[in-house]
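Colleague: Residues per chain, in single letters:
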Amino acid sequence: MSRARRGVRLAPGCRLDGGKEKDGVVVLVCPTGKVQLNRMAATILRLCDGSRDRADVVAEVVRGSHPRTRAVEIMEFLDVARARGWIDET
Amino acid sequence: MSDTAATNHAATVLQFVNNASSDRIPGSTRVSPAIGGSWRRCALDYALDPARHYSPTIIDAAALAERRDQHLELLQVASAEIDWLYEYIAESGYALILTDATGIVLYEKTDATLANTFRSSGLVTGADWSERREGTNGIGTCIAESRPIIVHREEHFRSSHIGLTCFGSPIRDPAGALVAVLDASTLSARDPRGGFGHTMALVNMSARLIEKCLFLHHFKRDIVFRFHARPEFVNLQHDGAIALAKDATIIAVDETAVHLLGAASRTELVGRRIDQVFDIRAEELVEPLRGARTELQPVRHAQLGRRFFASLDYRAPVATSAYSSASGSSRVIRFAAAEAPKSPLTLEELAGEDPLMLRNVRSAHRIATLRVPVMIQGPTGAGKEMFARALHAASDRAGMPFVALNCAAIPESLIESELFGYRSGAFTGARKEGMKGKILQSSGGTLFLDEIGDMPVELQTRLLRVLEEQEVIPLGTETALKVDLRVICASHQNLRAMIARGEFREDLYYRLNGITLELPPLALRTDKERLIREFLAAETSDSRPAAIEVDAFQQLLAYRWPGNVRELRNVIRTALAICDGGVVRLRDLPSEVRDSDASSSAPVVTGQSDSSEREKLLRTIRECDGNMSRAAEQLGVSRNTLYRRCRRLDIAPQRPPGKP
Chain L
1 MSRARRGVRL APGCRLDGGK EKDGVVVLVC PTGKVQLNRM AATILRLCDG
51 SRDRADVVAE VVRGSHPRTR AVEIMEFLDV ARARGWIDET
Chain W
1 MSDTAATNHA ATVLQFVNNA SSDRIPGSTR VSPAIGGSWR RCALDYALDP
51 ARHYSPTIID AAALAERRDQ HLELLQVASA EIDWLYEYIA ESGYALILTD
101 ATGIVLYEKT DATLANTFRS SGLVTGADWS ERREGTNGIG TCIAESRPII
151 VHREEHFRSS HIGLTCFGSP IRDPAGALVA VLDASTLSAR DPRGGFGHTM
201 ALVNMSARLI EKCLFLHHFK RDIVFRFHAR PEFVNLQHDG AIALAKDATI
251 IAVDETAVHL LGAASRTELV GRRIDQVFDI RAEELVEPLR GARTELQPVR
301 HAQLGRRFFA SLDYRAPVAT SAYSSASGSS RVIRFAAAEA PKSPLTLEEL
351 AGEDPLMLRN VRSAHRIATL RVPVMIQGPT GAGKEMFARA LHAASDRAGM
401 PFVALNCAAI PESLIESELF GYRSGAFTGA RKEGMKGKIL QSSGGTLFLD
451 EIGDMPVELQ TRLLRVLEEQ EVIPLGTETA LKVDLRVICA SHQNLRAMIA
501 RGEFREDLYY RLNGITLELP PLALRTDKER LIREFLAAET SDSRPAAIEV
551 DAFQQLLAYR WPGNVRELRN VIRTALAICD GGVVRLRDLP SEVRDSDASS
601 SAPVVTGQSD SSEREKLLRT IRECDGNMSR AAEQLGVSRN TLYRRCRRLD
651 IAPQRPPGKP
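Chain order of the listed sequences is L and W. So in this note's numbering, spot 6 of the first sequence is number 6, and the numbers just go up one at a time. So in this note's numbering, spot 129 of the second sequence is number 129, and the numbers just go up one at a time.
These aren't lab readings, by the way, just hints derived from the structure by calculation. Because the structure is a prediction, the values reported are computed rather than measured. Honestly, I wouldn't trust all of these hints.
[To be verified] Label pairs and their calculated CB-CB ranges:
| id | chain 1 | residue 1 | chain 2 | residue 2 | range |
| --- | --- | --- | --- | --- | --- |
| 1 | L | Thr-32 | W | Gly-626 | 20 to 28 Å |
| 2 | W | Ser-146 | L | Met-75 | 43 to 51 Å |
| 3 | L | Gly-13 | W | Glu-613 | 24 to 32 Å |
| 4 | W | Glu-613 | L | Glu-60 | 29 to 37 Å |
| 5 | L | Gly-18 | W | Ile-410 | 32 to 40 Å |
| 6 | L | Thr-32 | W | Leu-635 | 39 to 47 Å |
| 7 | L | Gly-18 | W | Arg-366 | 52 to 60 Å |
| 8 | L | Met-75 | W | Leu-178 | 53 to 61 Å |
| 9 | W | Arg-366 | L | Gly-13 | 48 to 56 Å |
| 10 | W | Pro-590 | L | Arg-70 | 22 to 30 Å |
| 11 | L | Arg-70 | W | Glu-613 | 24 to 32 Å |
All residues carry an ideal CB built from backbone N, CA and C; glycine is no exception.
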């Protein structure tokens, strides 16, 4: 079975908001409600633009962040994000 | 017991011992390896005769005093625990016994009705209960086996003890060596696995508690890391404790820590660094713990990934400069930097953006370097002690001790000695060397008297004298000692009302109340949203993804928060630890927060806000000399509204002076 690349992107109707103010609060606005994100969560979701698959997102986040950042935590976050309908994998 | 029974028992035991290949006694009852091994030691190594009546071996008074001196700390902790345990199982026919590692009884507490029987069995202070003397028994065999053991009736080696059922539990020092045995013995346990089981569990718990106290006492100058898989167990006796050197190397672990971490033994952990055992991030260790050091934080086992909650107890004032050059690792330096003695949150950090808090902070700064006594008023959980510490830290006395006494937390009878201290021998049971009271300890620094309203009236008089004379007379002495006092006190009670009822001295009130600072409860703070966001960021250090769904966020805002900022932070920390993938949802919040009625969020009308609203109204009315029109104007409400509020808050209508 060939493993097709599955791009991961924000689900329709979801967008990221904010991050420009001094307090850096980024909010995910989706049809089911708003979600306030910390910086790492915002970084992850910004990378979900359809051009990367899940593994790319994880790798890229890990590369660019704190040395103690754990890939498993990012995957768990992506799992929840998909379960909550924030992101799609196509 | 009949002589026949005694003779039969002795014969059975000897028959077993002489038949080295069997683990059964005649009649085919199996003897447990521990008991069988003990019998063989007694007969073959110690040459004891099971039938013979030996008189108890009791060491002389001088030797006993010497042993008790060697174990002062143990005795202090254990005797209190035994007294408590005794109350708990009183009248159930038990003797509770503490021995040292050689089996000498250091302390005992015996059911009075059975005292004579136990005494004739040799269960008295100074008696030697090692196997070598008394044969197989709950104490000696516990020492020999180095583990908890029950010795039931005929399992005793000597016929004269077969009426007894004993359970001994070892107490270990931080290195794991047995230092003492706690034993419960009874003459009435027919069924060892029945009612006695409950007592065994209690004895074991008490032994663990004593161990924990010894551990914490031993490392009182070090950092102690305490953890458990369940947050509510951290800092209780069931948690694991790890003592750390200044460079984060593990210097000791207790039995529970070994167990919780699935280690084979203490040696597997001692000598490693704590960040090799847990995935501790230096900044998580340091930053969130500034100020309140007992807050919990989630940690993971570095290899197994198992989740725990931990708290750090820094009691050791550590000089960081010498050590940071020695270590060379930046993480460790930051780790140590947090150990600065009692570096509390600053006044500014406590204030946040809340207007009332900011006003408090301005006032606090103005008086920080004066010796003006400060009275902090606020509901329980508003963070009165934290504020007092911040005030102390901002004052010119910051380098001197901050000594706190919570008058509500200790029995009235102890407040006096705690506060004034006592001379050696002032009363029975007092420590040999006497004790320096809190007043004297705080001299040059700050004395913080929490819940001053709970101070007994007689002591109020003595405290007043101390404040006026700036000298203290410890109990049992006549010499006054000069002190340099600055007092901050706090109360959640309305002291003025207490004065009216004659429960608080008015002159003391004025002496203590140089300035009053009122702390708003968290519920009334206007900057909760910012606090939640900051905690969320601080708890994850942005190295972990974290998000909070809006309904959970709203619920955090809407909840009435009877507690303080620390409680809010704990809720956030715990939610982050238990939530899936770092996304905090409603279900991750504690039930009381989750179930609070969010629809009532707009006007927060709780008992607490009532009282603080009442204070505010009263203050304004006072400032306006009772002129209700002016007060209403100042409050920005109509006169009618003001009257209505006064009625609701039970404030008598005021009349301007001169207009009866």
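Colleague: Hint by hint, say whether it matches the structure.
Modeller: Status of each hint after checking the structure:
1. Thr-32(L) to Gly-626(W): 20 to 28 Å: For Gly-626(W) against Thr-32(L), whose Cβ atoms are near 55 Å apart, the range 20 to 28 Å is violated.
2. Ser-146(W) to Met-75(L): 43 to 51 Å: holds, 46 Å
3. Gly-13(L) to Glu-613(W): 24 to 32 Å: violated, 43 Å
4. Glu-613(W) to Glu-60(L): 29 to 37 Å: violated, 53 Å
5. Gly-18(L) to Ile-410(W): 32 to 40 Å: Since the Cβ atoms of Gly-18(L) and Ile-410(W) sit about 50 Å apart, the hinted range of 32 to 40 Å is violated.
6. Thr-32(L) to Leu-635(W): 39 to 47 Å: holds, 42 Å
7. Gly-18(L) to Arg-366(W): 52 to 60 Å: violated, 39 Å
8. Met-75(L) to Leu-178(W): 53 to 61 Å: This hint is violated: roughly 47 Å between Cβ atoms.
9. Arg-366(W) to Gly-13(L): 48 to 56 Å: holds, 54 Å
10. Pro-590(W) to Arg-70(L): 22 to 30 Å: holds, 26 Å
11. Arg-70(L) to Glu-613(W): 24 to 32 Å: violated, 48 Å
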